[in-house]
Amino acid sequence: MAPSNQPLIVVDNLCKSFEQGEVLNHISISIREGDLVSIIGPSGCGKSTFLRCLNCLEILDSGTISIAGVTVTRKSPKDPITDDLLEKAHLLRQEVGLVFQIFNLFPHKSVLENVILAPMVVKKESREQAEDNAVRLLKKVGLEDCIHRDPSTLSGGQKQRAAIARALAMNPKVMLYDEPTSALDPELVKEVLQVMRDLDAEGMTQIIVTHEMRFARKASDYIVFMDKGEIVEVDDGDILFTNPKNERTREFLRHFEGDAL
Numbered sequence: 001m002a003p004s005n006q007p008l009i010v011v012d013n014l015c016k017s018f019e020q021g022e023v024l025n026h027i028s029i030s031i032r033e034g035d036l037v038s039i040i041g042p043s044g045c046g047k048s049t050f051l052r053c054l055n056c057l058e059i060l061d062s063g064t065i066s067i068a069g070v071t072v073t074r075k076s077p078k079d080p081i082t083d084d085l086l087e088k089a090h091l092l093r094q095e096v097g098l099v100f101q102i103f104n105l106f107p108h109k110s111v112l113e114n115v116i117l118a119p120m121v122v123k124k125e126s127r128e129q130a131e132d133n134a135v136r137l138l139k140k141v142g143l144e145d146c147i148h149r150d151p152s153t154l155s156g157g158q159k160q161r162a163a164i165a166r167a168l169a170m171n172p173k174v175m176l177y178d179e180p181t182s183a184l185d186p187e188l189v190k191e192v193l194q195v196m197r198d199l200d201a202e203g204m205t206q207i208i209v210t211h212e213m214r215f216a217r218k219a220s221d222y223i224v225f226m227d228k229g230e231i232v233e234v235d236d237g238d239i240l241f242t243n244p245k246n247e248r249t250r251e252f253l254r255h256f257e258g259d260a261l
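The sequence shown begins at 1 in this note's numbering and counts up one residue at a time.
Simulated from the structure, these hints should not be mistaken for laboratory data.
Quantities reported herein were computed from a predicted structural model and do not represent experimental measurements.
Just so you know, nobody snuck in bad clues.
Subject to a maximum C-alpha distance of 20 Å in a straight line, what follows is the list of computed SDA-like cross-link-like pairs (lysine to any residue):
# : residue 1 : residue 2
1 : 218       : 244
2 : 173       : 90
3 : 190       : 219
Derived Cβ-Cβ restraints for the label pairs, each shown as a range:
# : residue 1 : residue 2 : range
4 : 256       : 79        : 37 to 45 Å
5 : 185       : 73        : 36 to 44 Å
6 : 7         : 82        : 25 to 33 Å
Glycine is no exception: its CB is placed at the ideal position from the N, C-alpha and C atoms.
Please work from the sequences and hints to get the whole structure.
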């Protein structure tokens, strides 16, 4: 089914603080179904926290997050985290897959077992149904020859592709990636980024926190630049990299002037 080109993700005035201070400051953005969006910015600017809030691994202090028709809202950090709020967070989390820097595969289970576990436990799929879907997904990410191997025998790129297949097994509407290539050797980065390109071609909505500037520029529908807990600038990759409007964006991109973008 082709993407509807309607907003699948709507974030309004999202705020999040921890003991050390404010991390996200009134974040608002809409992301259309089928878009591939890269988020760039300096370390510590709130990019990873933003993803964790979208997935409801972190409960927002205030604001609204709506994904695929599921809305989580909170007026103030003083408002209690109610059972109703947690239930909405649980429902929203089922629409979103999250892939971390570290692969987090279960070392004592085969690649196949890693992929089928959540659908069987959470979605109550039969083993046959879960295995059929897992084999299809592992083929999609190029791991058809690794189905019965232990994670310890895989390269870093293969582990990350297995982690992507595991997230896809829950049939999410949105895929989030938090620096998915940062732990990989340079020669393994391309194989992981290619999976994202393939998913984009199929219409999957994806948000990627990345330092892979060439990929961000060439593959993204648009790029979000964050700094100090704020969305500073959103634009097409070619425009943002060649003619950024904000001085903070220009200053950040100066660090990459020597790289081929």
